[in-house]
Every structure is written in C-alpha cells, then in structure tokens.
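S.K.: Residue numbers (UniProt numbering), protein chains in the order written: chain G, 1 to 347; chain D, 1 to 177.
Note that these hints are calculated values from the structure, not bench results.
The beta-carbon is built from N, C-alpha and C at its ideal position, and this holds for glycine as well.
Take the hints with a grain of salt, since some may be wrong.
[To be verified] Residues from chain D that face chain G, not an exhaustive set, calculated with beta carbons under 10 Å:
id: 1; residue: K90
id: 2; residue: L110
id: 3; residue: M144
[To be verified] Capping the alpha-carbon separation at 30 Å, the derived lysine-lysine pairs in BS3-like fashion look like this:
id: 4; chain 1: G; residue 1: K153; chain 2: D; residue 2: K167
id: 5; chain 1: D; residue 1: K139; chain 2: G; residue 2: K33
id: 6; chain 1: G; residue 1: K261; chain 2: G; residue 2: K13
id: 7; chain 1: G; residue 1: K154; chain 2: D; residue 2: K8
id: 8; chain 1: G; residue 1: K146; chain 2: D; residue 2: K97
id: 9; chain 1: G; residue 1: K330; chain 2: D; residue 2: K8
id: 10; chain 1: G; residue 1: K153; chain 2: D; residue 2: K78
id: 11; chain 1: G; residue 1: K195; chain 2: D; residue 2: K130
id: 12; chain 1: G; residue 1: K48; chain 2: D; residue 2: K111
id: 13; chain 1: G; residue 1: K154; chain 2: D; residue 2: K78
id: 14; chain 1: D; residue 1: K111; chain 2: G; residue 2: K153
id: 15; chain 1: G; residue 1: K124; chain 2: G; residue 2: K338
id: 16; chain 1: D; residue 1: K111; chain 2: G; residue 2: K239
id: 17; chain 1: G; residue 1: K247; chain 2: D; residue 2: K130
id: 18; chain 1: G; residue 1: K195; chain 2: D; residue 2: K90
id: 19; chain 1: G; residue 1: K153; chain 2: D; residue 2: K8
id: 20; chain 1: D; residue 1: K78; chain 2: G; residue 2: K48
id: 21; chain 1: G; residue 1: K56; chain 2: D; residue 2: K8
id: 22; chain 1: G; residue 1: K54; chain 2: D; residue 2: K78
id: 23; chain 1: D; residue 1: K141; chain 2: D; residue 2: K130
id: 24; chain 1: G; residue 1: K33; chain 2: G; residue 2: K16
id: 25; chain 1: D; residue 1: K111; chain 2: G; residue 2: K33
id: 26; chain 1: G; residue 1: K146; chain 2: D; residue 2: K8
id: 27; chain 1: D; residue 1: K90; chain 2: G; residue 2: K154
id: 28; chain 1: D; residue 1: K8; chain 2: G; residue 2: K284
id: 29; chain 1: G; residue 1: K146; chain 2: D; residue 2: K162
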Amino acid sequence: MMKNNVINDWQIKNGKEKDVVLSSRIRLARNLKEYKFPNRSNFQEKNKLINNLKDKLCFLTDQSYDFYLMNNLSVVERNVLHEEYLISNNHVQNPEAKALFLNNKNNISIMINEEDHLRIQILKPGFEFNNIWDEINHLDDQLEEKLEYAFSKKWGYLTSCPTNVGTALRASVMCHLPALVLSGRIDNILGAVGKLGLTVRGVSGEGSNSVAELFQISNQITLGFTEVEIMEKLESVIKQIITEERKSRKYLLRNNFLNLKDNVLRSLGVLKYAYSLDESEALKYLSIIKFGQDTNLIEEKLDHNLFSKLLFRIKKAHLLYNSEKELESKDLNIKRAKIIRNELNRE
Amino acid sequence: MICERCGKKEASVHLTRIINGEKEEIHLCEECARKSSKFNPDDNLSFQSLLSGILNQNFSDKNSPTLNNSQSKNLVCKNCGLSYREFTEKGFFGCQKCYQTFADKLSPLLKRIHGNIQHTGKQPESFLQKSEIESEITKLKEEMQKAVEQENFEHAAEIRDKIHAVKEDMEADNDEK
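Could you put the whole structure together from the sequences, leaning on the hints where they help?
M.R.: Written out as structure tokens, the structure reads:
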C-alpha cells in the first residue's frame, strides 16, 4: 500500500519562469555490468537484481526513500504515480518484477527493471536544470560507489536501446505555450526545434496534439556531447521559446484584449459553477485560466499555482485514489468539477 | 456535400482508396479529415519499428569493412544469446556484452542516430581509477622490461612485486562492491 502523501508536492511550489515552464526533469539510465538487460532477463533474474539493489540503496541517507514493488500496488496506485510522471506506463501495465524507490518529497524516483536496470529521475518546478543536474550527478556518484555500472570508454553508459547510449541523459521541460498556439506560430517554432536535434511532444494529447497547450521539449542526442553541453543547448532553445511565447502574449493582448479577457472570464465562470467536467474540458479551461493569470487578465486573487496544483488532481487515477466506492465516468466528472469549484471558490 | 463523419460541416476533403481492386470513397470536412487515421497511414509506425528500419540498413562503413551483411546477421552474443538479426528487429541490446559482440556494426549505426561515435561525457569514478591503475601497470611493465634488458634483475624483481601489489589493491577494491 502506498503512502497517502504520494500526491502533489513538487508541482505546487514556485519555480523560475513558471509562467511558461511548469517543470523541469532530468533522467539518467544506468545498467549493471553483471546482469543482462531487463528485456533479456527472466523474472527470477529481475527479482535478484531488485533484492540486490534494495540492500545496496538503503545507504542513501541524504533523503529517505520508500521502496515499492509494483506488484504490491493496486492499478489505481500505479496510475497515480504515472500521472505524476514518477513511473512509466510500462511500470503500470507490466508490474511483474519491477520496483520503485521514491523519496519523501516525491520528486526523486528510481525505477528498477524498466527498459534499463535503473532509471533515475529528478523533477523540479519551473526552469531549473543546473540544480537538478548537481543533485542527480551527486546521487549517481553515490550509487556508483556501490554498484558496478555497464560503461565503455568509447560509448559511455551502455543502455538497452542505442538511442540512449553515451550520457544516457534525457533532460526535459514541460512548457505552457497558449499564445504560440493561439497565434498559429507553434508549428513553425516546434518544427525548428525538431531540426536542432530536440524532441517536442504534446502533453496529455495524442501524438503531437496538446489538450492544454502543454508541450514537453527534450534532448534527442545522448552520445558525443557532455551532459552540460546537452543541457546548455536545450536551455538556450527553451529561453528563446520563453521569449517568443511572452512576445506573442503581449501581441495578443494589444490586439485582441476584449476577446481574450471575455474568454478568460467566461472560462473562470464555467469552472466556478460547472457540475460535471470531463478531463479534456477541465484542462482546456484551466489552461485558459492559467493564461489569464499570467497575463493579469484576472483581477480576482487566485492561487498562483492553481494550474499545477489541479493538473494532476483532476486526472482519473487521482480521482479514484482514496475514493471509498467505485466511480463510473459520470461520477468522476462530478467529482472533478467539485474539486475545481472548491479550489476556485476558496476565499 | 456534407461530411460523412460528423454530418454537420461541408465536406472539403475527398479521398479515394483502391485496395485489391475495391474502390472506396470518403468525403470529410477538414476537421474530421485531420482526425481520420486513413489520412495518416503511418500512425501505426512505432518508435521501435522506425529504429529497426535504421538498424536494418546495410551500412557502408569504409573504415571497418570487416563483416559483410550475412556474416553479421549470424553474429550471436555469447553472454545473452542475442543474435544481430534479433537486435535489428527489436532495437534492443540484450546485455552490455552485445556492445562488444556487435562492435563493428555499431559505429555507423550510432553515427546515424547521434551524429557521433565517441562518448565525451561523465565517466564513473571507479572507471577513471581503474584506467589510472591500468596505465600505471603498463608503465611499470615497460620499466621492468627495460631493467631486464639492462640485466638489472634485482630492480626488475622489485618492479614485479610492485605490479603485484597494485593488482592486489585493485582486486581488493572490487571485492568490496
């Protein structure tokens, strides 16, 4: 059984450039020399690795970690972790012989027996690569003192997929880009980003579509550049995207003030009074309200982190979690609307 | 003409498909067309199948023409039993030894994916120490050889003992893990 507080912590804090960048994340893939990669191991071998790591990771004393076997968690609990980006979909769907170390602040996760033996990840609110890198690098050093990593001088950290080899580092940010979407500039900009060896994908939507104008941007290349070079390149591109998004916001406000203000306040009205909301409708209006807050179109005092606070809480597994009875989708929509109403009507 | 899918908007996209001689016509509005999978025949193209496409290419690497394609397909990793053919189909290595087994094929492949073939990032501390120790041993061996050539056997024996000591230290370090 999962601890009750495994919901919302890192997302709701303030962070740099949070009007555009909601959160930053770095993950490292690591494998151990003496074990076959997970895709080539049987359950017995995988469990042996889990037990070995469980013994060796208890020395991590900077923070306290909880250990979870995926099989011991319910589907809803696993989905809650997935909705918060703490575990992969694969960990939800195929829980056998998979495990997780999670720190008490719920922003450091170490997945065991995912595509690689270890997937170490740190999340922080806002635009924050330097701090995350220092922290994850230190954690990696600590792990490496106890574990023998699969490493080659030529190819770096050896991973089960050749697209991760080298630094085995994936850095990504989640951006809210409503003005670039609204002004139709998004395709051009994201196309250019793609040409620079970075990947963009819509969050919460299918393929590259995005429900709440949320986009995840990450590095594609992991071999041939140092970790710092990879992050610097990503950082410089994201800084430009932040600038362009803010420019577009100003432009839209200058030319379309009446429509925008009307739309923002109507959306606020819907969320304040709606009795039933499905997820994509809720996300759509929440995104508009975040835009309204960030552009000062809403005069009324609302929690500045409203969007990040609600983003996960209105998702299906979060609604089901802690609920006493089974909920059908119409009940979920009612519960979702109620959570949002309560948050917005709070004095 | 009205869109067949939503039945509301004007159909502005007209698609004719002929599969095995059977003709199928579809009339959709722009919005429904964008959503229709029939216009995105590559929707099922997964990441792994894309990667497998890259892996299956017969690379012409002038620098290491050591293996021809049929030979390489029969390569099998001794540690985990993965064949090169399976690797190109799945897109995953089976263990760290696969990197050595398929080494000749990897440089052109990694060049395609990353544009680079040499890691320049972080190295594990233990790896750095190990390579330091290894280079120390190489240096000592050279010195020992020189001493033997100069018939300074006493000195050569001293160096030999030193090499033993360094090796033992290294093994003791490994056992602690």
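S.K.: State for each hint whether it applies.
M.R.: Structure-based check of each hint:
Among the interface hints, the one on K90 (chain D) holds; its C-beta lies about 7 Å from the nearest C-beta in chain G, closer than the 10 Å criterion. Hint on L110 (chain D) holds. Least Cβ distance to chain G is approximately 6 Å, under the 10 Å limit. Interface hint status for M144 (chain D): violated, as the beta-carbon distance to the closest one in chain G is roughly 26 Å, over 10 Å. For the hint pairing K153 (chain G) with K167 (chain D), the CA-to-CA distance comes to about 21 Å; that is within 30 Å, so the pair holds.
Between K139 (chain D) and K33 (chain G), the direct Cα distance comes to roughly 28 Å. Compliance with the 30 Å bound is thereby established for this hinted pair. Proposed proximity of K261 (chain G) and K13 (chain G) is supported: the alpha carbons are some 27 Å apart, at most 30 Å. Taking the CA atoms of K154 (chain G) and K8 (chain D), the gap is about 60 Å. The hint is violated against a cut of 30 Å. With a C-alpha separation of about 21 Å, the suggested pair K146 (chain G) and K97 (chain D) falls inside the 30 Å cut-off, and the hint holds.
Proposed proximity of K330 (chain G) and K8 (chain D) is supported: the alpha carbons are some 27 Å apart, at most 30 Å. This hinted pair checks out: K153 (chain G) and K78 (chain D) have alpha carbons roughly 21 Å apart, not beyond 30 Å. Between K195 (chain G) and K130 (chain D), the direct Cα distance comes to roughly 39 Å. Violation of the 30 Å bound is thereby established for this hinted pair. Between the alpha carbons of K48 (chain G) and K111 (chain D) the distance comes to roughly 35 Å, so the proposed pair goes past 30 Å and is violated.
Distance hint between K154 (chain G) and K78 (chain D) is fulfilled; the C-alpha atoms sit about 21 Å from each other, no more than 30 Å. Distance hint between K111 (chain D) and K153 (chain G) is fulfilled; the C-alpha atoms sit about 16 Å from each other, no more than 30 Å. Our distance criterion of 30 Å between C-alpha atoms is met by K124 (chain G) and K338 (chain G), whose separation comes to about 28 Å. For the suggested pair K111 (chain D) and K239 (chain G), the alpha carbons sit about 29 Å apart, so the restraint of at most 30 Å is met.
In summary, the hint linking K247 (chain G) to K130 (chain D) is not supported, as the alpha carbons are separated by about 52 Å, beyond the 30 Å threshold. Taken as a hint, the K195 (chain G) and K90 (chain D) pair is honoured in the structure, with Cα atoms around 26 Å apart against an allowance of 30 Å. Annotation: proposed proximity of K153 (chain G) to K8 (chain D) is violated, straight-line Cα distance about 62 Å (limit 30 Å). As the CA atoms of K78 (chain D) and K48 (chain G) are separated by approximately 21 Å, the hinted pair is consistent with the 30 Å bound.
For the hint linking K56 (chain G) to K8 (chain D), the alpha-carbon distance of about 63 Å lies beyond 30 Å, and the restraint is violated. Distance hint between K54 (chain G) and K78 (chain D) is fulfilled; the C-alpha atoms sit about 29 Å from each other, no more than 30 Å. For the hint pairing K141 (chain D) with K130 (chain D), the CA-to-CA distance comes to about 16 Å; that is within 30 Å, so the pair holds. Restraint check: the Cα-Cα separation between K33 (chain G) and K16 (chain G) comes to about 39 Å, which exceeds 30 Å; the hinted pair is violated.
Taking the CA atoms of K111 (chain D) and K33 (chain G), the gap is near 24 Å; set against the 30 Å cutoff, the hint holds. Between K146 (chain G) and K8 (chain D) the CA atoms are separated by roughly 64 Å; this puts the pair beyond 30 Å, and the hint is violated. Taken as a hint, the K90 (chain D) and K154 (chain G) pair is honoured in the structure, with Cα atoms around 23 Å apart against an allowance of 30 Å. Using a Cα cut-off of 30 Å, the hinted pair K8 (chain D) and K284 (chain G) holds, with the two alpha carbons roughly 23 Å apart.
Between K146 (chain G) and K162 (chain D) the CA atoms are separated by roughly 27 Å; this keeps the pair inside 30 Å, and the hint holds.
Of the numbered hints given earlier, the model fails hints 3, 7, 11, 12, 17, 19, 21, 24, 26; all others are met.
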